[in-house]
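> Required output: the full structure, derived from the provided sequences and hints.
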Amino acid sequence: MRVEYQAVSDISGPLLFVEGVSGVSYGELCTIKLPDGEERTGKVLEVHRDRAMVQVFEGTRGIDIPKSTVIFQGRTIQLDLSPDILGRVFDGMGRIIDEGPAILPEKRRDINGEPINPYAREYPNEFIQTGISTIDGLNPLVRGQKLPFFSGSGLPHNKAAAQIVRQAKVLGSEESFAVVFAAMGITFEEAEFFRNDFEQTGALERVVMFLNLADDPAIERISTPRAALTAAEYLAFDLEMHVLVIITDMTNYCEALREISAARKEVPGRRGYPGYLYTDLSTIYERAGRIKDNKGSITMMPVLSMPEDDKTHPIPDLTGYITEGQIIFSRSLERKGISPPIDVLPSLSRLKDKGIGKDKTREDHADLYNQLYAAYSRGKEAEELSVILGEAALSDMDKKYLEFMNRFESEYVSQGEYENRSVEETLDLGWKLLSVFPKKELKRIRDEYLDKYFAKFGGKEEEEKEEEQTEEKKTKEKRDKQGKEKKAEKDKEKKDKQEQEKDKDKKTRDEKDKKKKRSKKTKKKESESENKPEKK
Amino acid sequence: MSEGKIIRVSGPLVVAENMKGSRMYDVVHVGEEKLVGEIIELEKDLASIQVYEETEGIGVGQPVFLTGEPLSVSLGPGLIESIYDGIQRPLDKIKDKTGNFISRGISMPAIDPQKKWDFNPVKKEGDKVVGGDIIGTVQETVLIEHKVMVPLGVEGTIEKINKSKFTVKDVVAVIKTKEGNKEITMEQRWGVRNGRPVKKRLAPVMPLFTGQRVIDTFFPVAKGGTASVPGPFGSGKTVIQHQLAKWAEAEVVVYIGCGERGNEMTDVLNEFPKLLDPKSGEPLMKRTVLLANTSNMPVAAREASIYTGITIAEYFRDMGYSVALMADSTSRWAEALREISGRLEEMPGEEGYPAYLGSKIAEFYERAGRVKCLGSDDREGAISVIGAVSPPGGDLSDPVVQNTLRVVKVFWSLKAELAYARHFPAIDWLTSYSLYPDNVKDYINKEVAEDFLEIEQEAMKLLEEEDELQEMVRLVGIDALSARERRILIAARIIREDFLHQNAFHEVDTYTSIKKQYLMLKAIITFYWASEKNDAEPEKLEELDILEEIARMKFVEEEEIKKIEELQNKIKDAVGKIATVKEEVGA
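Residue numbers (my numbering), protein chains in the order written: chain A, 1 to 536; chain B, 1001 to 1587.
By construction, these hints were calculated from the structure, which means they are not laboratory data. As the structure is a computational prediction, the values presented were derived from the model and not from experiment. The beta carbon of each residue, even a glycine, is placed where N, CA and C say it ideally should be. Hints should not be assumed to be uniformly reliable.
What the hints assert, rightly or not - With a straight-line cut-off of 27 Å between C-alpha atoms, the simulated DSSO-like cross-links for lysine-lysine are:
#1 432(A) with 169(A)
#2 1097(B) with 107(A)
#3 1005(B) with 43(A)
#4 1274(B) with 358(A)
#5 440(A) with 1540(B)
#6 443(A) with 1572(B)
#7 292(A) with 1093(B)
#8 1097(B) with 295(A)
#9 1461(B) with 1446(B)
What the hints assert, rightly or not - Computed footprint of chain B on chain A, listed as stretches where at least three residues anywhere in the stretch have a Cβ under 8 Å from a Cβ of chain B:
#10 38-48
#11 56-65
#12 256-263
#13 267-274
#14 346-360
#15 385-396
In structure tokens:
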């Protein structure tokens, strides 16, 4: 028989303190009965002798000290599981909120789960084709990976997430898949967007939804992802399905955590978030993965909005340390009209190397993305340079990089919401864009692949180049004709100039040689300071 | 043993009363499920216990059982090729017992007590021995000959010693001491929080080659040295740690996955048995001990994992081996300290970390070093410690980074910008440093090349000058630079792209011997010197076909490094040619 305690001693924020209890254990579930008969759920956060600290999931509004009663359930929060959960909608505590019938549980699991034994894990290495070039080509997603979207408010991360749900498939196999969708503190509109999208693609009966909307109790967000992942683990490791988990928005989760931490008067870490935020987040993210001798897998794509687009904010920062990469959305790309506005340079998929290559995607994949990254990064540098100095100041090669950068953004990064590019198409597109460069410039690609692919996609380009060359020749000839009269004059000038320069060069060279000799004897730092004034 | 009673549970911290007679850092078993915990604070008859397992379901009134022993590890044959959690429970055996998820309250022997090993005595009856002396050996793996040592504090003559197959619990020898006969088994236990004593500590003199060009050439670490790799996420800390674990020229590698991703440990577990040691041709796993306490495993065990790891490393050092220990990441360990400290309601220092953070970090790194081991044969052993640090936002003012830099001698600074440009390893050559070049200078001059340091310094000078010149280019454009300055830019770019950049996932590029590193750099510097000597025009330099050959040096296999040597003359010729052209034009 359960004891009903009418002994609430104080209430502070989402916390409730009960006195005179006995036999209460840490993490235990309890029911709080309000004077008006309403029942709420809580969890024991701390027990100290006869005093228990209870976190109330639905908030403490309306709870009073004299009349409210607390019943400790003697068990932790559990979720009822059966294959029937597919297609159903639950709240953040795992209670049914659609009109459907109750679930006859086959299994009942603690929503906190247990850590997967690292020894039992199977390394994720099956490539998932999402149909989005920036992901497939540059940041490939694999089964069992946790790859978050770092986004900001107002950026179309939801569309991208929905696109992935629509298009994701493993090459060459048709296996049973399911989607677990956990919403924390997002608006009804956003939740409805996902629901409609699932409905349109006929995926709804394969989706389990855990909804905690913006107007639902904030503290319930603590249990929402845990309940969702418990369902995902059941589907993946008991029913051996491939589960894609979308969790949005993790920022709201962390805020709820901070609220509790503050109410407990804990020593805060950075920006008021508790010191154990890393550990807490990892108990969510690390539940993704694959297990040896089990067909199922959990692939996780949490969405989090970076406050002020700041990647060093504790939430994205700690997330990045746990997840296997990140896809970053950029506001400046969004402004340029590029959609999805995925900023490829800071984006990363850590598991890409195991999921791509021969027999998985294509042999040249790894070298190709390295080259694309390097080229795009150099294009960005060129762009910066041209902003300061004007395009005229760029070298020919830099101009090529700049051109590449622009084409890369508009053709490779940008793609339609319903455009499903196969990985082959994505790779070919990469080669096509790279063909503007001379072969020698593509240092990150192995010779064998250069030989195999460069001409294939550059062949056309080379012809164009020849045309360009002939055109250039023509114009050159023209110029030559026009400038013939001036040539003599110019030559003279040139000669003079060269001679002058030569003298100058010689002088500086002599000076520098002297200094070099000296500096060899003296220490490095001194030589540096000596060299400095010369460069001005 | 006496029994305490729980009065408070708060996350991983449990307080129990009636704990009189217990000592600090003694191990206790908490609750009916017998979760493993350690006493971290005593106040009258109250003891605060950090519990190494999830405490959900533990409540007031449940019992606490004392063991009277500090947190210890089992040392003996069978350590190599194992994978343990933070308190040395074998994860592979746990999986056999409880399945894919780690349940609570499991206790397992760390070393297989059934397995029999071939014990070969090296001492005979009547020999006088002291603590630390090797009395026999066991071929633990193809690569590691496990040396069975006399336990510390035991001194006397060997009464009996047997050659046969034994389990680790069997008596292999009996030593007659002043206090009576002592039976020696192959298994020993040692408390993790105390370093194993040594006869004498020595300064490191040998470089620990890692096969990573930027490290070995520019920022070397010594055998017995300490290094730290701080960097923001995505900058490749873990890849560097894995690369070092794979290719570092150590005899034993202890790899601690401390609060990091589970899949990373799986990666190591999958890869190491397949990768072959470049020297012996045997799988790397045959010299590796793994400790995995992933981020979702209990936080207190994470705190212990660092100590468990270094104690195992010390044990192999005492056998006379050179051990490399990688800890990824020490920040997670520091965070575990912070979490426990917070629960204890201690006054926080910087960023909420406990005030003793600095001394804890220093204590850990001080357990590295080159030493003369105990025992009468004066053998030498070394532990090199390489710790990753994950500062929030990559901010190096983070207390963990700062406290680490105070004690370590090598700093490999990882930069996000380099990682974005896919320049890996993303070690920033301008801010990183190593204090070991002086220690290892003699060795390198003798074993590698006389002009190694000269070449290295020239290369570093080019890189530094490049940085300043880049600034100028940014301000006034490349055209404002003189031909000489542009040649510097070209040479520095070659160093960056063709030497510093190293692809960990390329079969050949992943490991470069020090000899090959020297030849590669020498070729590049030869190119620079030749261009300088011939006053070559930068535009023409850039168009030279020899550049492509320089770029492909890294893909030349170790057996064919002669090719790189030959390249030097080719470079001189090629650059010489454009010099004459220029003179003609100029004339």
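> Hint by hint, say whether it matches the structure.
Hints and how they fare:
1. With a C-alpha separation of about 25 Å, the suggested pairing of residue 432(A) with residue 169(A) holds against the 27 Å cut-off.
2. Our distance criterion of 27 Å between C-alpha atoms is met by residue 1097(B) and residue 107(A), whose separation comes to about 21 Å.
3. For a cut-off of 27 Å, the pair hint linking residue 1005(B) to residue 43(A) stands: about 23 Å separates their Cα positions.
4. For the hint pairing residue 1274(B) with residue 358(A), the CA-to-CA distance comes to about 19 Å; that is within 27 Å, so the pair holds.
5. Taking the CA atoms of residue 440(A) and residue 1540(B), the gap is near 14 Å; set against the 27 Å cutoff, the hint holds.
6. For the hint linking residue 443(A) to residue 1572(B), the alpha-carbon distance of about 22 Å falls within 27 Å, and the restraint holds.
7. In summary, the hint linking residue 292(A) to residue 1093(B) is supported, as the alpha carbons are separated by about 15 Å, within the 27 Å threshold.
8. Among the hinted pairs, residue 1097(B) with residue 295(A) is consistent with the structure: their alpha-carbon atoms are about 21 Å apart, no more than 27 Å.
9. For the given pair, residue 1461(B) sits about 24 Å from residue 1446(B) by alpha-carbon distance, which is consistent with the 27 Å threshold.
10. Counting residues of the segment 38-48 of chain A whose CB lies closer than 8 Å to any CB of chain B gives 4, so the stated coverage by that chain holds, three being the minimum.
11. With a threshold of 8 Å between beta carbons, the proposed coverage of the segment 56-65 of chain A by chain B is violated, since 0 of its residues qualify and at least three are required.
12. Counting residues of the segment 256-263 of chain A whose beta carbon lies closer than 8 Å to any beta carbon of chain B gives 0, which falls below the threshold of three, so the coverage claim is violated.
13. By the rule of at least three residues with a Cβ nearer than 8 Å to a Cβ of chain B, the coverage given for the segment 267-274 of chain A holds, with 4 such residues.
14. With a cut-off of 8 Å between beta carbons, the segment 346-360 of chain A has 6 residues touching chain B; three or more are needed, and the interface restraint holds.
15. Counting residues of the segment 385-396 of chain A whose C-beta sits closer than 8 Å to any C-beta of chain B gives 5, which meets the bar of three, so the coverage hint holds.
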